[in-house]
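Visitor: So you can see what is in the structure, the chains are spelled out below.
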Amino acid sequence: MPPKTMRPNPVMPARYRAGKPVAPEPETSEEEESEEEAQQKPTASAPKATSFPSAKALSNNLKNVDLNARREQAAAQEAARLEAKRIAKAKEEEGFETEDSEEGSEEDGSESGEESESDEESSSDDGAARRKMLRPVFVKKDQRKMNGVSAPNGKSEEDKYAEEEAKRKAKADAVVQEQLEKNAAAKAAGKKQWDNDEDVLDAEAVDDTDGLDVEAERAAWKLRELRRVKREREKIEQEEAQIAEIERRKNLTPAEREAEDREFLKKQREEQGDRGKMGYMQKYFHKGAFFQDDAKEQGLDRREIAGAKFADDVNRELLPQYMQIRDMTKLGKKGRTRYKDLRSEDTGRWGEFGDRKGAKNDYMDDDRFKPDKGYQGGGATGANAKPIGERKRYGDETVRDGKRPRVED
Amino acid sequence: MSSHQADAKALLDDRGYSGQLIRGQNPAHLFEKAVRDRITESYYWKEQCFGLNAATLCDRAVELTHIGGTYGLMGKPTPFLCLAFKMLQLVPEKEVVLEYLNWGGDEEDMEGDQVQVDDDEERARRGEFKYLRALAAFYIRLAWEPVEIHKTLEPLLADFRKLKRRTRDGFTLTFMDQFVDDLLTKDRVCATSLWKMPTRMQLEDLELLDPRISPLGDEVEDLDKEDGDGKSMNGEESDGSVVSVESRHNGRHRERSFSYGSESD
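Residue numbers (this note's numbering), protein chains in the order written: chain A, 1 to 409; chain B, 1001 to 1265.
Be a bit skeptical, because a hint or two may be false.
In silico SDA-like cross-links for lysine to any residue, where the CA-CA straight-line distance does not exceed 20 Å [as the list claims (entries may be wrong)]:
#1 Lys309(A) x Tyr280(A)
#2 Lys1162(B) x Tyr280(A)
#3 Lys235(A) x Leu1206(B)
#4 Lys230(A) x Glu1219(B)
#5 Lys235(A) x Leu1173(B)
#6 Lys235(A) x Met1197(B)
#7 Lys1162(B) x Leu1173(B)
#8 Lys230(A) x Pro1211(B)
#9 Lys1186(B) x Glu225(A)
Hints were generated in silico from the structure; no laboratory data involved.
Next comes chain A alone, as it looks inside the complex (with noise of 0.2 Å):
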């Protein structure tokens, strides 16, 4: 029964309040049992939902007794379970008992068999409807048949669990056993259980058995044993060489030494080339220390950069001040130093001292600067011109009183 309220609250039972009634009142108990009446008249006749026969309609059935009567409701009673039992097949895909022929299943039981009639017209007239999920009921045991095929077995539940069971086992069964199988054979051709790697295929392709040629394994080895020997033996007469140079080099004068050194220098330089000219403001650019043996296989180890010309090369000089930098791609950039080069930027005045008597002198050519006019005198003019006495000497007798303040005695 829904509750009686729809609020999410559940109805907290009546307390008791003095002064009010604590059962329902009179009117509603009225109603209810005028209900009760009309029930029990249909109920007397054909209850639809019942399990137990009511006492009165057996009673009415045991007077009425009539064995071709009997016969024809066995006929009857046959035919409706065939037809429940189509109708419960044409429903298999469904799964869902309608009431139409759950009404038709019980009431073999009970009555007679007119109600298969209302039941068959009744399924038919469902028809369009039996799509529609109708509400599970409650089939009784000897009625249910689900399963066209266990019913006519007669198996039992318990029987099909187990059958399923075993089922079920045999198949993890098998699916261990290729588990195995698989490992089995993985261990056979080789990869262990921590190497994950695929490099089975690698690892065969190099094959390390002995004794397959042993006249060439022999050759083979023999091979690599002189080249061995030889190795040793160089490496020892390049170290008595360079002792025996550093000895001979001891022995000779440093002069010797030295035009030794010359020769050899000079040859180097014949031996490098002449470097080209490096153009106006060409960029420099060393050869790296590292990837020399690199580019050596390459053939790239003689290359001079210094100069180089390229096919679009711009001559320098051409170019405004602003844009003859070396590298171009610094122009226009906050980066940019305007250091162009190093004689450009020195400010010393490196050996010119003691190279020019008479140095230019611009301000005595100007003529508000040169003496004035007239002027053939000594050196002193104008306030210096004061007469002064004769230039003391050393060693000439001086007289002793001579500014030797007097006064009258």
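Keeping the supplied structure of chain A fixed, place chain B upon it in accordance with the hints.
Guide: Positioned in the frame of chain A, the structure of chain B alone reads:
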């Protein structure tokens, strides 16, 4: 000797290491930190190298199929490298390592007559497990003293068996004598920077070693007599390829000599 621990915690402990030292250092430091980490995080190390001792290490080494350092993009270590690291942890005794090496050098001289007859027998005597031998050689190069290294590894230059080597990009074929030669001369083998050993010449000068007598011995002298210096060798063919030996470059000597010019007074 301290008790043997199943895992390598004591070995990898940088500060508190108190086990055996190799040249005054924690043996694990013979491998670089990066390589050490890769080894310790690999599945092979975790599964297979746990709780090994000298005997069970043999079992693992026997299952080896290739030598190599790290491979692949991620620098995954080979089982060979993991076992070598385990050996560094264990620091086995000299006799044990020699047993791994399993080189019956003296036996050959005694049975000199029979050697030529049956190659299979000889090979069987030399030891069936070449990867175990390669592992021992690697360990010797890392852990022992120079004189002993030379004395022990040089006889192996006569073993010409094939080895599979795993490089960064795949597998290559190499030979035992080639591998041993690399160990003796190169700086970096199998993802490890081998510690710098005095060269053979230096040791000879110090009178610690005798000059090496190649197993070819007589043949070398014969060749020298026939061809002289700087000529190509003929007759030695392997797999159909003709071999010629590089002639000495005379100019090289002069360049070298002049480079010392400034030093002398």
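Visitor: Please go over all the hints and tell whether each is borne out by the structure.
Guide: Against the structure, the hints:
1. Lys309(A) x Tyr280(A): 12 Å, holds
2. Lys1162(B) x Tyr280(A): Distance of about 63 Å is beyond 20 Å: violated.
3. Lys235(A) x Leu1206(B): Cα-Cα ~17 Å, so holds.
4. Lys230(A) x Glu1219(B): The hint holds at about 13 Å.
5. Lys235(A) x Leu1173(B): 28 Å, violated
6. Lys235(A) x Met1197(B): OK: Lys235(A) and Met1197(B) at ~17 Å, within 20 Å.
7. Lys1162(B) x Leu1173(B): 7 Å, holds
8. Lys230(A) x Pro1211(B): Answer holds: Lys230(A) to Pro1211(B) is near 14 Å, not above 20 Å.
9. Lys1186(B) x Glu225(A): 16 Å, holds
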